[in-house]
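J.: The residues making up each chain are set out below.
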Amino acid sequence: MEILKALSIGALFGIGLYQLLRRNIIRSAIGLAITSNAVNLFLLSVGAYDGVVEAYAKAIGQRSDALPQALILTAIVISLGGFAFVLSLLYVISARYRTGDNDEVKGLSH
Amino acid sequence: MHDALRILPAGTAQSATRRNIMTLLAILPIIIPLTGAAIAMLLRRRFQLQAAWAFGTMLTSFAASAYLLWVVWSTGRPVVYQMGRWPAPFGITIAADLLSAIMAAMVQFVFVFGFLYALGAKDKAVRHSTFYPLFLCLVAGLTGGMLTGDIFNLFVMIELVVISGTVLTAISDDRYGPEAAYKYFLISSVATFCLLFGIGSLYVSYGTLNMADLAARIAADPNQTLLPVAIVLLAVTFMIKSAVVPFHFWQPDFHTASPTPVSAMLSSVVVKIGVYGFLRLTTLLVPQADWLRALLVVLGIVGIIFGGLGAAGTHNAKRMFAYSTLAQIGFIHVGVGWGTPLSLAAAILFTFNHALIKSTMLMLSGYLASRAPVKTASFSVIRGTGKYAPLAGVLFFIGGMALAGIPPTNGFISKLALFQSGVQAVQGSDFAATATYWVPLLLLGISSIITLVYVFRALMKIWWEPFAQKSPEEKIKPHGDSLLAPGLLIAVCLVFGIWAQPLLQLTQDASAWIRQPQAYVQAVLGEEMGWKR
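If you read the protein sequences in the order shown, they are chains A and B. Counting along the first sequence from 1, when you hit position 90 you're at 167 in the working numbering, and nothing is skipped either side. Counting along the second sequence from 1, when you hit position 165 you're at 167 in the working numbering, and nothing is skipped either side.
Just so you know, the hints here were simulated from the structure itself, not pulled from any lab data. Everything numeric in this text was worked out from a predicted model, so none of it was measured. The C-beta atom is built at its ideal place from N, Cα and C for all residues, glycine as well. Possibly wrong hints are sitting among the right ones.
As the list claims (entries may be wrong) - Simulated DEER-style distance windows between Cβ atoms:
1) B:Gly86 with A:Leu81: 35 to 41 Å
2) A:Glu79 with B:Ala54: 55 to 61 Å
3) B:Thr77 with A:Val154: 33 to 39 Å
4) B:Leu44 with A:Glu79: 47 to 53 Å
5) B:Pro89 with A:Glu181: 53 to 59 Å
6) A:Asn179 with B:Met462: 23 to 29 Å
7) A:Leu98 with B:Ile448: 18 to 24 Å
8) A:Leu98 with B:Ala54: 43 to 49 Å
9) B:Ala54 with A:Asn101: 43 to 49 Å
10) A:Glu79 with B:Ile448: 27 to 33 Å
11) B:Thr436 with A:Ser171: 53 to 59 Å
12) B:Gln524 with A:Lys82: 35 to 41 Å
Only chain B is shown next, with the shape it has when bound in the complex (with noise of 0.2 Å):
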């Protein structure tokens, strides 16, 4: 810090250190939340202090993530910060292009409505004196994910995640916490070592960790031997993140048995963190690899497929929403395989509004559950239960509606952008290349009646059918949890579904940025000149 202050001329080094300042702004969203963890810890033993003060941390959070969208988007520059003032390749860098900021930006805003529903819940585990201090190093830990620029700090953050979303689990009330818990442990270690071999083959290959400086040296010489395999190891840890079909199996068990305020973060934003891997992987590190695209439309459509099938036959509500997510989460890595400026705007849009509806259907079925005889959100238990919560039958109506995609929701409004960006590659092209397009959109059709079915089969089950009292003590309870946090998100996404202009303006912009990665290189890369001078 000293020495560049010293070399550069006095004017120069003041309007440096002034964006050497501004670039702190990159880190905030990270060291908000795990700073506030540490201290909600130290709160441990008074439970209402601590709540609030995991809240407020929250909030000041999505603040400064919001911040750092705003700035990125109207400066039209990412804002790079590199650790301890590192030049580039060598220290850790942080970058927030515009992908990294909505994403970030994403996360902290779903997260503040976990938070809020975590307050008004009834969960023994969420009074858990480590609750809060675990959510907020889930949130940390996601967004550090997403914002970072370096590869094996995306292993360091994404073990957090794994870590603190295990430890919420096995602490949950369901029963069945702690299998849930090593179930997902067990397997997340699996894709921990997938990517510690792939960063390997990547070091050992390319002689970097920084993912701008491994972009511009893949495409400097992309015949290393170990690339594919690394490429092939990477892939497989975001397609176990991101729950994609052949490595699903863990997520609906996990899915269930979590805390519902957890839950819905887990089955909203948690599995996003594969999604953006496949962004990045498929538009910066290699741009060139066509039969990685192919191969997730094709495990998309799968996904889609299987997903909504398995959702329309489950006996959960928790879990018919944790299927519902395997498919959904197919239809953005079908957009992402695409990968033209439309579609992959659609996937980054899809990302976002899923992440909403998502989270408020799982926060609608805990309701229940809370409500419910016995704390669980099995459709035997459960069924019945909606005559004395019609207020949560209008908010499940609106989101399942927003799910299947029918207008005036935001679920409308993403499956239109991907549909539209298909018919428009279609147009482009000749005809065998028209058929990748036209049997996705077809099955993409079809899934959207699918998830009509699961969404109606369950609002029946609940709210039509009577309830059915197996014993004179069994008795629906008067107070659930809060509905404040569905209630709120259901009114965004209608807002979402209205004027969409603004976030469809956004993702276009961000597509535009993901489909010029010299820029972004450039940009991580070229930070170093006020230190090197």
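Looking at chain A on its own, in the form it has when it is part of the complex (with noise of 0.2 Å):
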């Protein structure tokens, strides 16, 4: 289970990585919330280690860790705000421009 959720994270975050770095704006989006996924998922598993009950259960030494779930909610919280922004970022900057190039969005180099 460990190796699986260590295997995804590394692709979550090889994908977002590469998606962030694309000419794309549109695409480089896409890569900051894949990104954020891959985060969130880490801090699932910093908690959760051992834990194959719910928290607050009874059996000892087998929960999970509650704190690292509510740091996610905070983290997702933030994210789809953030998200949402740069989304309408982006429609505003690809409407001026006429193009979603990272390349030819250079305005501020002059």
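Two independent chains are provided; combine them into the complex using the hints.
T.: Right, here's the structure in full:
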């Protein structure tokens, strides 16, 4: 189970980072969402290293830590708001430049 | 609450209640602007009332943080507030020791002038109904990040700063506002991921998120595998936040495109959250990590040279000061990296003085942009506009002197303190160690000269060269933004340059405090006693 988690975190992070570095700005925004999910999964595995039953169950030694789940909840809410805002920014930018290519969006460089 | 009162004897209960009310002081600088932002949002249809309300809120909040600083300094004890009365390692702690209290008071002091400038600004962005609420959120997040004693809460506060800063830039008058905002958001999201990974690594190794508790547990067991990973991730986060050189590329764009009152705040106090993070990291969490301090010295020096040269080659006044921030932050990081009592004090002093100077200079650039025919601080447009703004010229000259560190300004005091700490450190060490101080000292001197070069370049371009009228309709506007806020700030700069003793004393006390992390740990973890008894 841990191997599976580690592999999926690594895969998600790799895909997210790859998309983040793409030239298309919409792809990079999607990369942002994927990477934030990789981070959330990492936080989940921080708490649930030997969790078989839910938090606050009676079985000692088997329950997951509830705190990282609260942390993930906070992180999800924040990244949701941020992602919505980024999409609206992308709408403005792509409407102005008529392209989604990172290299064409360069008004700031002069 | 009731349990504690029932168990304690009557007299103790009363004094405990009184003490609890005093601890509420630590949260006031965060809660006042947040509440004010919510109410300002309700006033969105009545612009004048909203602006007045926001300014009043900011003044009240600054009064609270100044009183907090006074209480912490005069009683010699940190003010610690446990949210919801949950005992320390489990709940969220708001802990104001002298460093946090100074930082919070500094942020709110500079923000008072930011609001003052916004009240007199002619930008369209300032008239946006969400401007003042977001500006209040920005100050709440920043103060919260500096006062919090919980590392996850630090993440939440940093996110608040990022989101409000991004939105404020996106509504800017500058047509590249959304683009700059997007760029900043993307990079600060990467910083956020690093921070979250770092927090996760610390939590899995030490099982706590409370900074004081973490410090105690790291000191007891510094050989966890994930500790260096976590430290590197946190260091990367704070480097992105404070625009240290390899992570600086978002900063000049972002600070140029945002509305003037906002960019004055971003470049002066918002980058200081990273400096604060490094101060906490190198003194509280991992005081044994010498490699981190060495890295800070090296990157600080690179930043000083790079920022100075970058500023000397720009074509935009706002952009020039954004690059200059890279250099000045480099000075602060060298001070933090040396880590001697005097150099830490000098770093805190430099942080304070730089915030005052840099916000003034950006406000003056914004003022010139508001007078120019087209609203931009590009040198090709504002060249020669200075002839019609003599008062701004005087202020710009004094501010430039302060930036370069020439007496009688506060910039001189902070540079003098930093040099003195370096020279003093040289005297007590052997030759090999001496080189780590002499080389930076030499470069600091050179960089001060570079500062003079770019400030005078701007002065000449704006005030000495004639105004180039490209077409007959192109005229300098008769009225621009109000000069009240930069004028007052320059006065403050001069006051702190001439009457520097209290500030020097304050920063030296703060440096003595942060060099004893066990006192901070005790103050945070010890408060639970009244609850447990």
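J.: With reference to the structure, classify each hint as holding or not holding.
T.: We went through each hint and held it up to the structure:
{"no.": "1", "hint": "B:Gly86 with A:Leu81: 35 to 41 Å", "verdict": "holds, 37 Å"}
{"no.": "2", "hint": "A:Glu79 with B:Ala54: 55 to 61 Å", "verdict": "holds, 58 Å"}
{"no.": "3", "hint": "B:Thr77 with A:Val154: 33 to 39 Å", "verdict": "holds, 38 Å"}
{"no.": "4", "hint": "B:Leu44 with A:Glu79: 47 to 53 Å", "verdict": "holds, 50 Å"}
{"no.": "5", "hint": "B:Pro89 with A:Glu181: 53 to 59 Å", "verdict": "holds, 56 Å"}
{"no.": "6", "hint": "A:Asn179 with B:Met462: 23 to 29 Å", "verdict": "violated, 37 Å"}
{"no.": "7", "hint": "A:Leu98 with B:Ile448: 18 to 24 Å", "verdict": "violated, 36 Å"}
{"no.": "8", "hint": "A:Leu98 with B:Ala54: 43 to 49 Å", "verdict": "holds, 47 Å"}
{"no.": "9", "hint": "B:Ala54 with A:Asn101: 43 to 49 Å", "verdict": "holds, 45 Å"}
{"no.": "10", "hint": "A:Glu79 with B:Ile448: 27 to 33 Å", "verdict": "violated, 53 Å"}
{"no.": "11", "hint": "B:Thr436 with A:Ser171: 53 to 59 Å", "verdict": "holds, 56 Å"}
{"no.": "12", "hint": "B:Gln524 with A:Lys82: 35 to 41 Å", "verdict": "holds, 38 Å"}
Hints 6, 7, 10 from the earlier list are contradicted by this structure; the remaining hints agree with it.
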